[in-house]
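Chains as they are written, first to last, in this note's numbering: chain R, 12 to 126; chain U, 866 to 979.
These are calculated hints, taken from the structure and not from any lab test.
Just so it is clear, CB atoms sit at the ideal spot from N, CA and C, and this is done for glycine as well.
Among the clues, some could well be false.
Just so you have them, the derived chain U footprint on chain R, three or more residues with Cβ under 8 Å [said to hold, decoys possible]:
no.	segment
1	44 to 52
2	57 to 69
3	117 to 124
Listed below, chain by chain, are the residues.
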Amino acid sequence: NAGVTQTPKFQVLKTGQSMTLQCAQDMNHEYMSWYRQDPGMGLRLIHYSVGAGITDQGEVPNGYNVSRSTTEDFPLRLLSAAPSQTSVYFCASSYAQGLRGSPLHFGNGTRLTVT
Amino acid sequence: GENVEQHPSTLSVQEGDSAVIKCTYSDSASNYFPWYKQELGKRPQLIIDIRSNVGEKKDQRIAVTLNKTAKHFSLHITETQPEDSAVYFCAASNSGSGYSTLTFGKGTMLLVSP
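Starting from the given sequences, assemble the full structure and let the hints guide the process.
Okay, here's the thing in structure tokens:
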């Protein structure tokens with residue numbers, strides 16, 4: 012198994028541009044999520060999904076959209092990039108639909124810079 | 866929502882010493898508490914976890930304790946080695962109503978000097 016795969020690894024955007032961060036998992040996990048990591052701020056939840064067709068907002072959802080059309084894929088869309096969205100983005104998945112008591116498996120991250 | 870506080874933000878120890886990282890959480894319904902280790906430039910990886918029906922769990926040099934009454938849990942690393950140097954994150958699962966999410970502390974940078 013490849014686990015959780017994120018692409019691209021690095022991306023530079025100009026303010027106002029849009030893009031999609033890709034996340035795919037091959038473990039048949041129901042639960043998938045996106046976190047952003049900023050220095051001194053830990054990992055903050057952006058959006059999550061408990062299965063195909065079901066998504067919900069996390070702690071910092073503004074400026075991001077998600078969809079879950081398949082169990083395997085959970086893309087994160089930046090609608091109009093802003094410098095405040097410069098961050099490292101991690102996708103994570105878990106086997107339990109409700110997450111409770113099941114560990115998260117993280118991808119290798121996408122480092123995004125918005126100028 | 867859940868709030869997780871983590872201390873200290875940085876911790877420097879000598880090789881062979883013990884290291885303790887402490888976290889508190891706010892939601893009394895939280896029942897799952899994992900710890901993740903993140904090496905520089907890498908992804909977070911689970912090192913140990915504990916559930917609310919257990920007070921202590923140990924795995925070789927790593928142990929975690931949980932005090933549900935005080936809403937407090939701690940990571941203990943004994944006989945530290947340079948390869949333990951990393952950022953450590955505690956987290957709590959907010960079970961609330963419906964589906965749960967995982968809330969992370971802000972992290973502790975552990976530096977183990979040879």
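Against the structure, the hints:
1. Here the segment 44 to 52 of chain R counts 4 residues with a CB under 8 Å from a CB of chain U, which clears the bar of 3, and the coverage holds.
2. Coverage of the segment 57 to 69 of chain R by chain U holds. Counting CB-CB distances below 8 Å, 4 residues qualify, and the rule asks for three or more.
3. Three residues within the 8 Å Cβ limit are the bar, and the segment 117 to 124 of chain R against chain U gives 4, so the coverage statement holds.
The structure fails none of the hints (numbered hints given earlier).
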